[in-house]
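S.K.: Sequence:
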Amino acid sequence: MTVDPGRILEGLNHEQREAVEAVRGPVCILAGAGSGKTTTITRRIAYQVATGAFAVEQILAVTFTDKAAGEMRARLEALGVAGVRARTFHATALAQLHHLVPDTGQILPSKGILLGPIVRSLHRAFRSRPLAEIATEIEWAKNRRLAPDRYVDELDGHRPPVPEDVMLRIYRGYEERKRRAGRIDFEDVLEHLVRFYEENPAACERFRAQCGAITVDEYQDVNLLQQALLDLWLGDRDELCAVGDDYQAIFSFTGATPEYLLRMPSRYPGARVIHLEENFRSTPEVLEFANRLVPALGRVAKKLRATRDPGPEPQVEVRVTREAEIAWIVERIRALRQEEVLDEEIAVLLRVNARSDDLEGPLAEAGIPYQVRGGSFLERPAVRAVLRLLRRAAEVPAADAVRTAAEQAGLLDEVPDELGEEGVTFQEDLRRLVILAAGHDGSAESFVADLRDRFESDGDGRGVQLLTYHRAKGLEFEAVLLPFLQAGELPIRQAKTEEALVEERRLLYVGLTRAKRRLFLSASFERKLSPFLAELGEARSPAAARHDSASGPAFQALKTWRRERAMADGVPAYVVFHDSTLAEIATRRPQTRFELAEVAGVGPAKLERYGGELIDLLASTPES
Numbered sequence: 014m015t016v017d018p019g020r021i022l023e024g025l026n027h028e029q030r031e032a033v034e035a036v037r038g039p040v041c042i043l044a045g046a047g048s049g050k051t052t053t054i055t056r057r058i059a060y061q062v063a064t065g066a067f068a069v070e071q072i073l074a075v076t077f078t079d080k081a082a083g084e085m086r087a088r089l090e091a092l093g094v095a096g097v098r099a100r101t102f103h104a105t106a107l108a109q110l111h112h113l114v115p116d117t118g119q120i121l122p123s124k125g126i127l128l129g130p131i132v133r134s135l136h137r138a139f140r141s142r143p144l145a146e147i148a149t150e151i152e153w154a155k156n157r158r159l160a161p162d163r164y165v166d167e168l169d170g171h172r173p174p175v176p177e178d179v180m181l182r183i184y185r186g187y188e189e190r191k192r193r194a195g196r197i198d199f200e201d202v203l204e205h206l207v208r209f210y211e212e213n214p215a216a217c218e219r220f221r222a223q224c225g226a227i228t229v230d231e232y233q234d235v236n237l238l239q240q241a242l243l244d245l246w247l248g249d250r251d252e253l254c255a256v257g258d259d260y261q262a263i264f265s266f267t268g269a270t271p272e273y274l275l276r277m278p279s280r281y282p283g284a285r286v287i288h289l290e291e292n293f294r295s296t297p298e299v300l301e302f303a304n305r306l307v308p309a310l311g312r313v314a315k316k317l318r319a320t321r322d323p324g325p326e327p328q329v330e331v332r333v334t335r336e337a338e339i340a341w342i343v344e345r346i347r348a349l350r351q352e353e354v355l356d357e358e359i360a361v362l363l364r365v366n367a368r369s370d371d372l373e374g375p376l377a378e379a380g381i382p383y384q385v386r387g388g389s390f391l392e393r394p395a396v397r398a399v400l401r402l403l404r405r406a407a408e409v410p411a412a413d414a415v416r417t418a419a420e421q422a423g424l425l426d427e428v429p430d431e432l433g434e435e436g437v438t439f440q441e442d443l444r445r446l447v448i449l450a451a452g453h454d455g456s457a458e459s460f461v462a463d464l465r466d467r468f469e470s471d472g473d474g475r476g477v478q479l480l481t482y483h484r485a486k487g488l489e490f491e492a493v494l495l496p497f498l499q500a501g502e503l504p505i506r507q508a509k510t511e512e513a514l515v516e517e518r519r520l521l522y523v524g525l526t527r528a529k530r531r532l533f534l535s536a537s538f539e540r541k542l543s544p545f546l547a548e549l550g551e552a553r554s555p556a557a558a559r560h561d562s563a564s565g566p567a568f569q570a571l572k573t574w575r576r577e578r579a580m581a582d583g584v585p586a587y588v589v590f591h592d593s594t595l596a597e598i599a600t601r602r603p604q605t606r607f608e609l610a611e612v613a614g615v616g617p618a619k620l621e622r623y624g625g626e627l628i629d630l631l632a633s634t635p636e637s
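For any residue, its number in the working numbering is found by taking its place in the sequence shown, counting from 1, and adding 13.
Derived DEER-like restraints, expressed as beta-carbon distance ranges:
hint, residue 1, residue 2, range
1, A451, P115, 53 to 63 angstroms
2, R484, R185, 29 to 39 angstroms
3, L237, R192, 18 to 28 angstroms
4, I120, D426, 37 to 47 angstroms
5, E177, L355, 40 to 50 angstroms
6, P278, V307, 15 to 25 angstroms
7, G93, A613, 48 to 58 angstroms
These are calculated hints, taken from the structure and not from any lab test. For every residue, glycine included, the Cβ atom is placed at its ideal position computed from N, Cα and C.
Work the whole structure out from these sequences, hints included.
M.R.: Here it is in structure tokens:
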């Protein structure tokens, strides 16, 4: 195979070229967000082949998703280098295991198949725990190579989703059912291969003879089990190129740790450490904003530099109520669409899936198409469970039927702090259904129909993207909105330790650096603001002044006027105006009917009925 080395080096900046030309290991590439990481490592592999450092069949490249592996292979083929083994850790290990131990057993497609009967047999207090959360805990243990007999003794401060003794019983039951079924799970693939190589060093030496160089992408996401296998693949050699960014280490719940990336220079004293800090994705304004978090992100200092032309400043908005914040988000999305930003290039990032239903209804009502990565409100486990139960109570009043179904599905009076993210989402979805049903006058059957009208997606995979910060990792969008930046939301309330808070900060950094050009952050004063807003220099933003005015004399005067007007009209106060609308009027202090009409919640009828009174009231009310 003939590959032109000069073509491979075209268009690279100084740091990328340095990394590409370092064809022998050990090499540690600390690649900041949007810094051309994939370009760099694929060019490096191609350059290894072009310069004769390694033959194609001697190179192994491992990453964490099939999509990333496929992208790597496609780029290499475009450079004229075909046949490189670019696969995920699990695909690589499975191919080796099937070759070495053909009768290993079938892969279990989902842990839930075996966990379902075990969890359903537990005390009612624990049956509501989502299977996905229990499965994640088992993966956490297995990725740390903790078998059931060592699990409890080595938790080391880690809090499982259920009490330790209950979790141990589940773990043991899962392993026993798996053994009886003759199945293995994805963690077993790596564990079995590690054990085989440890017990058969000659087989491991044969692999090493065939594999001359290894590249590991997203090295900050490696866990103990994967590192154990990597150590066996390498032996006493140092032909390793590790690529990653400790600022984007956000998967500790799977057992991943950036420590292997950070300790690489000390493990290999001769390692070349190359920083990629030139960002090709975001405008200078977005990067300057994100870089404010850098001092508290990680141990290896990196500060991204923009290559793109300047753009708009990031916008931070704090509204008085959650309702007003959501209305602002919808308006921003509508404005972006009017600016001809494609729907699929607009992303709203959420800390947990449960928050998507706060936005799905308002977006649908505004006629804005959307897609929910990870499952829309109606597709989530808690909602599906309640909808199944409602089939048997179609004619029962919605409020009663949904409350009963939610309790049967595991609704808790209080959500304990130790409940993991999946559990929090499950409980909040149940609560959301109960609240929605309480405001529905019809039967359970009509309530379900109303839910489908409001939340059901057309499933065409198009529209504004609603997804979690974790799912957004590795993606980029023209415009990114980061709502609900409250304490207890981001950072999530379960983040009690300093280590957990650091990871929450890294999540926000990942969210900020997804934006190419437009970036919007928002919160409401219904709850305490996220401390990260202060770190971003937004502790006393213009929005804070908005809060002051919304609690000042104008707001109080408006509330008094509304109460008197509602009594005179014989209607509830909220029929006149919601608090969020009054707060916005107090903030803007419109002086004309035209200005008043621009306030969300003031339609033509209310403008005609109340406009003159409001303008006169504001004119006679002091600002402070």
